[in-house]
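In order, the protein sequences belong to chains A and B. Residue 313 in this note's numbering sits at position 313 of the first sequence, with consecutive numbering throughout. Residue 207 in this note's numbering sits at position 207 of the second sequence, with consecutive numbering throughout.
Treat the hints as calculated values from the structure; they're not laboratory data. Backbone N, C-alpha and C fix where the C-beta goes; we use that ideal spot for every residue, glycine too. Some hints could be false.
Claimed, not checked - A few chain B positions that, by computed beta-carbon distances, are all more than 10 Å from chain A:
#1 L7
#2 A19
#3 E39
#4 W47
#5 F66
#6 F81
#7 I90
#8 S110
#9 M160
#10 E176
#11 A211
#12 G216
#13 P222
#14 T255
Stated by the list, open to error - Below 30 Å or equal to it, Euclidean Cα-Cα: the simulated DSBU-like pairs (lysine-lysine) are:
#15 B:K9 - A:K56
#16 A:K180 - A:K222
#17 A:K77 - A:K279
#18 B:K138 - A:K279
Unchecked claim - If you want a taste of the chain A side facing chain B, the calculated C-beta under 7 Å gives, among others:
#19 G29
#20 A156
#21 V255
Residues per chain, in single letters:
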Amino acid sequence: MDNVYGLILKRIGLGILTLFAISIIFFMGVEALPGDLAEEILGQNALPETVAAFRKELKLDLPPHERYIAWLGDLMKGDMGKSLANGRPVADLVGWRFANTLFLAISAAVIAVPIAILLGIIAALYRNSLFDRIISMATLSTISFPEFFVAYILIALLSVQLIIFPSISNINAQMSFWEKIYAIVLPCLTLTLVVVAHMMRQTRAAIINILASPFIEMARLKGIQRTRVIVMHAFPNALSPVINVIALNLAYLVVGVVIVEVVFVYPGLGQLMVDSVSKRDIPVVQACGLIFASVYIGLNLTADVLSIISNPRLRNPR
Amino acid sequence: MSFFKLLRKSPAIARIGLAMILLNIAAAALAPVIAPYSETEQVGDVWMPMSSEHLLGTDHIGRDMFTRMLYGARNTILIAFVITMLSFAIGISCGFFAATLGGWVDLILSRLVDILMAIPVLIFALVVLAVVGNSIPKLIVVIALLDSTRVYRLSRAVAMDIEVMEYVEAARLRGEGIWWLMRHEILPNALPPLVAEFGLRFCFVFLFIAALSFLGLGIQPPTADWGGMVRENSGAITFGIFTPLWPAAAIAFLTVGVNFIVDWFLHVASGLKD
């Protein structure tokens, strides 16, 4: 078991180190500009005094490493700086939007994961059947569609032709849980469709990979019943790749959510980030980027730890 | 020659894919010839329905949608192609260098790529674009750099396998330089997996550009591009006008085509019979 703890600790350490490196890149990206950020944002015809004042406000007059350390220190205390666009603290802008984004992503995940895993396993067990072929075609097409295409098709069908669901998903704190669920049906459905397609294909591939391995053939040749082969021999070994597939796709959800939020004008973190990029509101963009990055790295980390734990070969070293 | 032989044995789905791609390339190449109007000319009312004059109706400020679609194909496909080429040039050269030189060059490049690949390209691209702004040349360089990390991984792995072959060892003992080794020994043998990857990367870059333009952060109007056209016309959908679905469907059409081909290519390359 020591071996396993060691591996897990190593993996967590690596995750934290990666996040740290990314925060440096995000922060130092500003340094790579010819001239500096103040000139870049204010434009070429800004007065020198305005540029100097703006530079002071951004603390660009300090050397980069001091600024980075001060920024990281503030971040640890929960202070993410102020928005350049309206001077409000970034933490206020980000907090409730992040909660909204999580609400949407988790709703989609709760529906998508069981469906995708089930379909993937069935397709793998009945490989090359009609069911498998139809579903392979359908998913290959769906993963080729941009998210906004799926979203607009759903809007055209369910919100314009049959007026069932709203095409704009505005939610606020006053709404009850079920009202919120009703409001996010379409964005949730869009994310579900896209994620199911990806996840199902990968599950199918992972299971087929396991079923093709020599120990399964051995079990079959010994004359063990088909269900017993699947439950006792294939399942424990398939667990780790399937966990990886789930985590990978939940992480994918983090990105898919950005585009879907923009389509449905949903008040989430992705929408805020996109708006801030076009306004070039750097502190807000850095904060959003860092949150997305932490969630993404966190999910991958969880997947790695879980697959270390669930891998029989790592648990019982020779 | 072997390409046609391969094509004759190909399943229907791969041929359909090829036809879909060729149709897009034809539309892109012949846009100025086929298009009935010019790219930015306002020729009618807002969101006019389909008619013989305007095959796909008009857009949100009365430009001919069919014309914009043709020019959109030209711009979007060309930019995605340039980015993929650049990304492969960077990725392959860095990957081969890392594999042949080894040592600290490999270590530094690989750790850097690990960090860049630890988070989604979209998030990284948004942060970078917020800082540098978004003109087309900047967009091309930023996306190519981010995308080249994936190419680097593959070309490094492939080159590592080839590096240990006897013929590379022989060339090395003959006193050939590192450039010669990379160009004459490693590249020709690494080509098949890289070609399949090119299709996949092109799809990814193409969808990525479309997504950025859709978010209003990619190719800027009035240049016609499919992602941006969906964004501009998105308001129409609530009136039951399907104008924004045309460019979105065109994006899907091309990526489905490329994916059909790549899927078949991977199938052939993997040597599976069923």
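How the hints compare with the structure:
1. The Cβ of L7 (chain B) lies farther than 10 Å from every Cβ of chain A, with a closest approach of about 20 Å, so its non-interface assignment holds.
2. With a cut of 10 Å on Cβ distances, A19 (chain B) stays outside the contact zone with chain A, its closest approach being about 16 Å.
3. With a closest Cβ-Cβ approach of about 22 Å to chain A, E39 (chain B) is found to remain outside the 10 Å limit, as its non-interface label requires.
4. The claim that W47 (chain B) is not at the interface with chain A holds, since no C-beta of that chain comes within 10 Å of its own (minimum 14 Å).
5. The non-interface label for F66 (chain B) is consistent with chain A: the shortest C-beta to C-beta separation is roughly 19 Å, beyond 10 Å.
6. No beta-carbon of chain A comes within 10 Å of the beta-carbon of F81 (chain B); the shortest separation is about 17 Å.
7. I90 (chain B), annotated as away from the interface, keeps every beta carbon of chain A farther than 10 Å; the closest lies near 17 Å.
8. With 10 Å as the threshold on Cβ separation, the claim that S110 (chain B) sits away from chain A holds: the shortest Cβ distance comes to roughly 13 Å.
9. No beta-carbon of chain A is positioned within 10 Å of the beta-carbon of M160 (chain B); the least distance is around 22 Å.
10. A cut-off of 10 Å between C-beta atoms confirms that E176 (chain B) is not in contact with chain A; the least separation is 37 Å.
11. At roughly 6 Å, the least C-beta separation between A211 (chain B) and chain A is not larger than 10 Å, which violates its mark as non-interface.
12. Distance check for G216 (chain B) against chain A: the nearest CB is about 6 Å away, which does not clear 10 Å, and the non-interface claim fails.
13. Under the 10 Å C-beta cut-off, the non-interface status given to P222 (chain B) relative to chain A holds; the minimum distance is some 17 Å.
14. Against the 10 Å criterion, T255 (chain B) falls within the reach of chain A, whose nearest CB is about 4 Å from its own CB.
15. For the given pair, K9 (chain B) sits about 68 Å from K56 (chain A) by alpha-carbon distance, which is inconsistent with the 30 Å threshold.
16. For the proposed pair K180 (chain A) and K222 (chain A), the alpha carbon gap of about 54 Å is over 30 Å, so the pair is violated.
17. Of the pairs offered as hints, the one joining K77 (chain A) and K279 (chain A) holds, with about 26 Å between alpha carbons and a cut-off of 30 Å not exceeded.
18. For the hint pairing K138 (chain B) with K279 (chain A), the CA-to-CA distance comes to about 17 Å; that is within 30 Å, so the pair holds.
19. With a least beta-carbon distance of about 5 Å to chain B, the hint placing G29 (chain A) at the interface is held under the 7 Å criterion.
20. The beta carbon of A156 (chain A) is positioned within 7 Å of a beta carbon in chain B (closest approach about 6 Å), and the interface hint is therefore held.
21. Because the closest C-beta pair between V255 (chain A) and chain B is about 4 Å apart, less than 7 Å, the hint holds.
Consistency note: the structure conflicts with the earlier hints numbered 11, 12, 14, 15, 16.
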